[in-house]
Amino acid sequence: MRPGSGTGSRTADRDAAFSEFVHARRAHLRRVAYAICGDWHRADDLVQTALAKLYVAWPRVRREGGEEAYVRTIIVRANIDESRRPWRRERSTAETPEGAAPATLGVEERSALFEALQALPLMQRKTVLLRHWLGLSVTETAHELGITEGTVKSHTSRGLQALRGVLAADQA
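For the sequence shown, position 99 matches number 99 in the UniProt record's numbering, and the numbering has no gaps at all.
Since the hints were derived computationally from the structure, they do not count as laboratory data.
Don't take every hint at face value.
Simulated restraints on C-beta separations [what the hints assert, rightly or not]:
no. : residue 1 : residue 2 : range
1   : Arg60     : Asp81     : 20 to 30 Å
2   : Glu115    : Thr11     : 25 to 35 Å
3   : Asp45     : Leu145    : 20 to 30 Å
4   : Asp39     : Thr73     : 15 to 25 Å
5   : Pro59     : Ala35     : 24 to 34 Å
6   : Arg62     : Leu134    : 26 to 36 Å
7   : Ser9      : Glu115    : 49 to 59 Å
8   : Ala24     : Pro59     : 17 to 27 Å
9   : Ser157    : Val22     : 15 to 25 Å
Calculated cross-link-like contacts (lysine-lysine; reagent style DSSO-like; alpha-carbon spacing at most 30 Å) [unchecked claim]:
no. : residue 1 : residue 2
10  : Lys153    : Lys126
11  : Lys153    : Lys53
12  : Lys126    : Lys53
Note that the Cβ used here is the ideal one computed from N, Cα and C, for glycine as well.
I would like the entire structure built from these sequences, with the hints used as guidance.
Listed below in structure tokens is the structure:
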């Protein structure tokens with residue numbers, strides 16, 4: 001085998017080409033992301049997400065051309081995905097309201113919830129966490145787990161019912 005002809009050389013070439021693209025286009029991509037979302041910090045996150053996804057697809061995208069369009073599409077879709085997440089709907093304010101509410105769950109409640117989650121069957125735990133902790137939709141959860149939407153709904157329903165039962169028994 002000739003030196004430089006192995007997969008290490010191809011990987012090095014791939015990494016060099018990707019690094020060159022990032023170096024040349026990162027500032028532009030950041031401005032594009034800012035124009036889409038209106039926040040520099042979020043723009044940085046969008047660009048980082050897009051570049052991570054681009055790296056995975058880099059050999060195919062580079063062969064086909066259109067790296068710029070591909071990464072712009074990822075930025076737009078990542079922004080849409082982020083805006084759908086429940087925690088993104090909350091907007092921080094410059095001032096804390098008077099009499100701010102304490103944390104929703106105390107240490108004991110969080111511990112009880114964690115133990116109750118651990119007691120669930122694996123698939124119920126996964127669907128409950130993806131749906132209600134990460135805020136994924138039924139469709140996104142089904143895709144993530146490789147199951148049907150109906151299965152997601154039934155596992156989530158059963159999991160929530162079991163959690164209610166365990167937590168109600170703990171409070172009694």
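Now for the hints, and whether the structure bears them out:
1. Distance hint check for Arg60 and Asp81: the Cβ-Cβ separation is about 21 Å, which falls inside the suggested range of 20 to 30 Å.
2. Between Glu115 and Thr11, the C-beta spacing of about 45 Å breaks the proposed range 25 to 35 Å.
3. Checked against the given bound of 20 to 30 Å, the beta carbons of Asp45 and Leu145, roughly 25 Å apart, stay inside it.
4. A beta carbon spacing of about 20 Å between Asp39 and Thr73 agrees with the range 15 to 25 Å that was offered as a hint.
5. Roughly 29 Å separates the CB atoms of Pro59 and Ala35, a value that falls within the hinted 24 to 34 Å.
6. Arg62 and Leu134 have their C-beta atoms about 32 Å apart, which keeps the hinted 26 to 36 Å range intact.
7. The supplied range of 49 to 59 Å is met by Ser9 and Glu115, whose beta-carbon atoms lie about 52 Å from each other.
8. For the pair Ala24 and Pro59, the supplied restraint of 17 to 27 Å holds, since their beta-carbon distance comes to about 18 Å.
9. Taking 15 to 25 Å as the suggested C-beta distance range, the pair Ser157 and Val22 does not conform, at roughly 44 Å.
10. Our distance criterion of 30 Å between C-alpha atoms is met by Lys153 and Lys126, whose separation comes to about 12 Å.
11. A distance of roughly 29 Å separates the Cα atoms of Lys153 and Lys53; the hinted pair therefore holds under the 30 Å criterion.
12. This hinted pair checks out: Lys126 and Lys53 have alpha carbons roughly 24 Å apart, not beyond 30 Å.
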